[in-house]
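Protein chains: 2
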Amino acid sequence: MGETTRFGIMGCAGIARKVSRAIKLSPNATVVAIGSRSAEKAHRFIKENGLPENTQVHGSYESLLDDPDVDAVYMPLPTSLHLRWGVAAASKGKHILLEKPTALCVAELDQILQACEMNNVQFMDGTMWMHHPRTAKMHELLRHQHSDLFGQLKMVNSIASFYAKPDFLHDNIRVMPDLDALGALGDLGWYCIRFILWAADYYLPTTAVAFPNPVKNEAGLLLSCGASLHWENGTVASFHCSFLAHRTFEVAVVGSKGTLTLSDFVNPFDENSARFTFASESSFKELVDGWKPLPTNHVVSTELPQEACMISEFSRLVGAIKDGSKPEKKWPSISRKNQIVMDAVKDSIDKESKPVAIVG
Amino acid sequence: MGETTRFGIMGCAGIARKVSRAIKLSPNATVVAIGSRSAEKAHRFIKENGLPENTQVHGSYESLLDDPDVDAVYMPLPTSLHLRWGVAAASKGKHILLEKPTALCVAELDQILQACEMNNVQFMDGTMWMHHPRTAKMHELLRHQHSDLFGQLKMVNSIASFYAKPDFLHDNIRVMPDLDALGALGDLGWYCIRFILWAADYYLPTTAVAFPNPVKNEAGLLLSCGASLHWENGTVASFHCSFLAHRTFEVAVVGSKGTLTLSDFVNPFDENSARFTFASESSFKELVDGWKPLPTNHVVSTELPQEACMISEFSRLVGAIKDGSKPEKKWPSISRKNQIVMDAVKDSIDKESKPVAIVG
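From first to last, the protein sequence lines stand for chains A and B. So for the first sequence, the UniProt record's numbering puts the first residue at 1; every next one is plus one. So for the second sequence, the UniProt record's numbering puts the first residue at 1; every next one is plus one.
One chain only, chain A, in its complex shape (with noise of 0.2 Å):
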């Protein structure tokens, strides 16, 4: 079988054109089938993102679960097919890459990842900045307990948005309360929520306490919406998602000594090289003419695009298992606790911002 992971796609989702060109750009994966029931849409999409001929089409996603030649499937499914297709892929041994958010809700997810680990699959959700060697840089200047640079976090900010046009708020998956139940805060606060876990070592906060009046559309599906998180050491986060606010991707990160900001952090502006500011010990000139030291401009660069970085993680993860490990259990830690916070989020919404305790 040697170190290549042989991938299938489930569903001929838009994001799955990207992730497909991340399959053939990582060295050790490859596409080796497509499902969906269509198979003239299955057809099209492997001529237009230029698959193999060969690539096997599958008319439906059990008969794509079947096929022996499938190590692991990409799941860009909509969020309410997971739990079914997720547990069904699990059983049948497939690795799964699973795109966000994970789940309706944690007790969905669990359900998943319970049947990933009966079935020794890996898992691992499909947040892709977490795999850009710029999140290992930054990591590196925030690691709180063994840096003097940045010190103890005490506040986080996230924003993430983009301004849909009226027909993505007519018909596309994501505004569909029965497929996307979590509307901008399933796709957007994910990537919020994660950020400030990782900024976090992912310490859970113990409190979420949505901001009042999230815009919702007619079917009551959220649009618009933020919350701040709360931990016990007086640690506050804060962030907000939406479909209705110009595309913008923009975290700060303060600690006592040190301040982190980037304006990309789901999308680096630039495939190749993307950059942050990190400042330490900051702070005014004698006449408060200026600071000292200034930020400090931060490029990383890498020769894989950082959905590449991500197929690539997760297929020497797979190669590994192949190999007589176990599956690397990080990940899914790291995808239930972001459910488990954007689930306290969403109560939270639910029960007109009252605060609501986060358990891990």
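Worth flagging that the hints you see were computed from the coordinates, not collected in a lab. Where hints are given, some of them may not hold.
Since the list gives no way to pick one copy over another, a pair counts as held whenever it fits inside one copy or between any two copies.
[Said to hold, decoys possible] When the alpha-carbon atoms are kept at most 25 Å apart in a straight line, the in silico SDA-like pairs for lysine to any residue are as follows:
hint	residue 1	residue 2
1	K92	P78
2	K165	K257
3	K351	P212
4	K285	V300
5	K322	D347
6	K165	L83
7	K47	A357
8	K257	L244
9	K257	R275
10	K165	D289
11	K41	K285
On the provided structure of chain A, position chain B as indicated by the hints.
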């Protein structure tokens, strides 16, 4: 009398050093007197700040206010003294440049403003960044009604913090309830609220909700807190201010079509040129392999530092009043809105994060 505004400085606070320099730099202003309960302190202040040797020293604030050669006072006194000395200064016909926060509550500020109005004197608070040409440039890009670049305001986040040293937390007036009872909210939250109001074209939000569990010192004074602010049309703002986190002055303003960010909104990194970033109608490229267009970095130069721009503008207004104009109402009106929102946030903090209606 000419066109030069003759300043008396009340007290020798640290910030007065910066402002006395600004008055010297300003072409239409001059320092003629210092009022201090300690004549020795005043003489040292004059010497250390290179003021003319004939600068008048007054051993009491009353005496300063009775000086016929003083047109205007700069008042960097602790907040709890603003009501008494603000009203006294106006009653003596002195124009007032008042440090922020302007008062302990809007009822107090209203007494000061009323005294200013009755005595036909100019009022302005000491929010320096308002007067930087960068602010005017940003305003051009954001003007909601007139610009297709930014669209409608959707979201603002603002962070203002510095890491106070132990001696500050122990004996600075800004942490003493009897002197500056608003703590970090008054000192830093003031700026956040001002920026939010500025971005919202001074439309007051309808509701303030404090973040739970603000950090207080033993005397109950706020060291770190935050809040979200809400408008009826769904616009949201959030802010965080703290004496316990690294020096950070970060803002992000997101409209339906554009995003503005800057990292030094209160005090520019460099005195003579200041930056901000603006993006309009940015989106992903075809395969999400980057953004198009990228945000643009704007650099705005200034010959005078922002505090000298403030002095010049204040002095220009004072000069116009000498020539028969009425005081400019914009500045007291903006201060009042700033104070109203701050009061609502404080009220929400005191009520354990209950939403508080903002009444203009």
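These are the hints, each one checked on the structure:
{"no.": "1", "hint": "K92 with P78", "verdict": "within (20 Å within a copy, 71 Å between copies)"}
{"no.": "2", "hint": "K165 with K257", "verdict": "between (41 Å within a copy, 11 Å between copies)"}
{"no.": "3", "hint": "K351 with P212", "verdict": "both (10 Å within a copy, 16 Å between copies)"}
{"no.": "4", "hint": "K285 with V300", "verdict": "between (30 Å within a copy, 20 Å between copies)"}
{"no.": "5", "hint": "K322 with D347", "verdict": "neither (40 Å within a copy, 60 Å between copies)"}
{"no.": "6", "hint": "K165 with L83", "verdict": "neither (29 Å within a copy, 52 Å between copies)"}
{"no.": "7", "hint": "K47 with A357", "verdict": "neither (49 Å within a copy, 58 Å between copies)"}
{"no.": "8", "hint": "K257 with L244", "verdict": "between (35 Å within a copy, 9 Å between copies)"}
{"no.": "9", "hint": "K257 with R275", "verdict": "both (20 Å within a copy, 23 Å between copies)"}
{"no.": "10", "hint": "K165 with D289", "verdict": "between (45 Å within a copy, 20 Å between copies)"}
{"no.": "11", "hint": "K41 with K285", "verdict": "between (62 Å within a copy, 23 Å between copies)"}
Figure legend: structure checked against the earlier numbered hints; hints not met, in rising order: 5, 6 and 7.
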